[in-house]
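Protein chains: 2
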Amino acid sequence: MNTKIKWLRDKINLLNMQGIIISNPVNIRYLTNIEAEGVLLITRKENIYITDGRYIEDVNHTLTIDDEISVYNVKDVSSYDYENFFSFCENVGFEENYITYAKYKQYMQQYKVNNFEETDFIIEKQRVFKDEEELQKIEKACEITDQCFSHLCKFIQIGMTEKQVADEIGKFYQENGAEGNSFDPIVASGKNSSKPHAIPTEKKIELGDPIVIDMGCKYQGYCSDMTRTVFAGTIPNEVRPIYDLVLKNQKQVQNDLVEGASLKMISKMVENDFRLNGYNLIHALGHGVGLEIHELPYFSLKNDVFVKEKMVLTNEPGIYLPNQFGVRIEDTVKVTKSGSINLTKSDKNYIIVGK
Amino acid sequence: MNTKIKWLRDKINLLNMQGIIISNPVNIRYLTNIEAEGVLLITRKENIYITDGRYIEDVNHTLTIDDEISVYNVKDVSSYDYENFFSFCENVGFEENYITYAKYKQYMQQYKVNNFEETDFIIEKQRVFKDEEELQKIEKACEITDQCFSHLCKFIQIGMTEKQVADEIGKFYQENGAEGNSFDPIVASGKNSSKPHAIPTEKKIELGDPIVIDMGCKYQGYCSDMTRTVFAGTIPNEVRPIYDLVLKNQKQVQNDLVEGASLKMISKMVENDFRLNGYNLIHALGHGVGLEIHELPYFSLKNDVFVKEKMVLTNEPGIYLPNQFGVRIEDTVKVTKSGSINLTKSDKNYIIVGK
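Sequences listed follow chains A and B, in order. When we follow this note's numbering, the leftmost residue of the first sequence carries the number 17, and every step to the right adds one. When we follow this note's numbering, the leftmost residue of the second sequence carries the number 17, and every step to the right adds one.
No false leads were mixed into what you were given.
It does not matter which identical chain is meant; a pair holds if it fits inside one copy or across any two.
Listed below are the simulated BS3-like cross-link pairs for lysine-lysine, each with C-alpha atoms no more than 30 angstroms apart in a straight line:
(1) LYS219 with LYS179
(2) LYS220 with LYS179
(3) LYS326 with LYS267
(4) LYS211 with LYS179
(5) LYS153 with LYS179
(6) LYS91 with LYS318
(7) LYS170 with LYS187
(8) LYS318 with LYS121
These aren't lab readings, by the way, just hints derived from the structure by calculation.
When you get a sec, could you build the whole thing from the sequences and use the hints?
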């Protein structure tokens, strides 16, 4: 049986569940590599994936003998089968944060389980820790993102629109071994850079614009995420101190991301340093990255999470001054026993483009 | 109060509900024009939209006095407020097909409602009937799609890849008044045309290829959907009889789509005619179109729906021969008292491209 399913079986045993129904396709992908529409059942005796005719061939092609998963076509599964999948199971887990109330009621009726148990992001919480294979994929996604950024530094010209630059990012990814963007890239120039979630517009890049470029790609399902703030032609004097402040904190966060550190405490320290300089921390400092571009754990000023090795996180402090400009600098970072390592390695000193 | 919310109030009264919580953003858009993240409460006394700081300004800009909707920032809503929204309400509806089991439990705790009632697609079922304003938007989306198809007939050249053609579709929409694609367009040439849900590839279009082009755009939120099968340079003799058979049935379906007709019976008739000629109907004949590209009602050989005026449906018979080729012809159709009218009007006779 593959190691991830073996982990899940041990985990539910510990929680006194004799089976679990997994419906979230990202979790199914994580456990099995399957990309399809269907449901994964971990029963007492078996691992079962139920899908429909459109996917059977693909699914059988994806799975290996090692996975020990039986694939069923939904049209061949009788109500008798459903009732028997979890026979002799007292407690069966389900993903209460993913399935709808209507689907829950359907499961109740179909599987005739005594007790359906909420599982509170059981798999999402495990996805936080990346194994070697996952790390390699994320590292590759980060490498392609660095290459894309190098390309952009030569590509961007004054007079180009934000949209043109954003389109070039997606194109570069597709032509250089990635599956494509891991999210819609942000290219925000001049005043637009003050919006943390700006959408690329037809605005042309002008001399002296700071340009926030937030970009990432997918490689074999795994994401990268990086932001750089570059300058069109020249660096306005009023932006320099803010750039320096953001960069200083970004580097400090990287140093602080060691086993046992608190994401809440790190956030507080950045918030405090920004405040001492007269600015606010209006956006969370970062998030986990993996099969999803945003996943557990999250930096927060309220809830706490402690850093552990094998986590992959973004480190993305930013200062946003409405109607003026914004600066964000972001890396994807992996945590190891001996400290954190940037997986995105592009230059973070002042970069002037469009010369 | 706007007419759609008035309708909803009357409807829930009839069902003996004194309030309803609407969470599906498409339904919220339908009722209010709001595009944001939030929840709409129809209470005994008020219509309330709860959102967060990111959207307040936009939402207030979208709403008119006529809507009679009070907008709240979620951070200002106390647990006391939540408990009072539905005071003196015995039964309150919720969207069991949209909200997760976890969210349902949160609602239970938050709103302290006596009895939460499932509402069984109450709003989706009403969205089936388009009013004048909605029809105008769909007609405009169809018009732009016809223009795009005319453009493609000149644009497509032998040697171009499927992806190049697909990219041109999205570009045309954006440059000609639409918001963009209403779904990822299908451009499937040669053998690829045998897959009903083909994804555009790097395959180059070759002389004699049939090319299935399935495309649609969004205009002010509303979708269009059209398919044509065209030919690169020349029409292979083996495709002609199948093209003719599909087209004959497509025209027959349009004639049959009159008030009171049964979508199941229409499907059976096409299935039967295909069978008599040695082919199978492997894909549903069509679906409703509106704010979503696929919405109620659905053509089906199992469940029945009767045609009524103001419905907007696709009519898309197809024959798919694995490893050989496929032909699909599709229009978006509106049903009126006196019969059905094609909203997509592109030529359905043999079309040769890339000459």
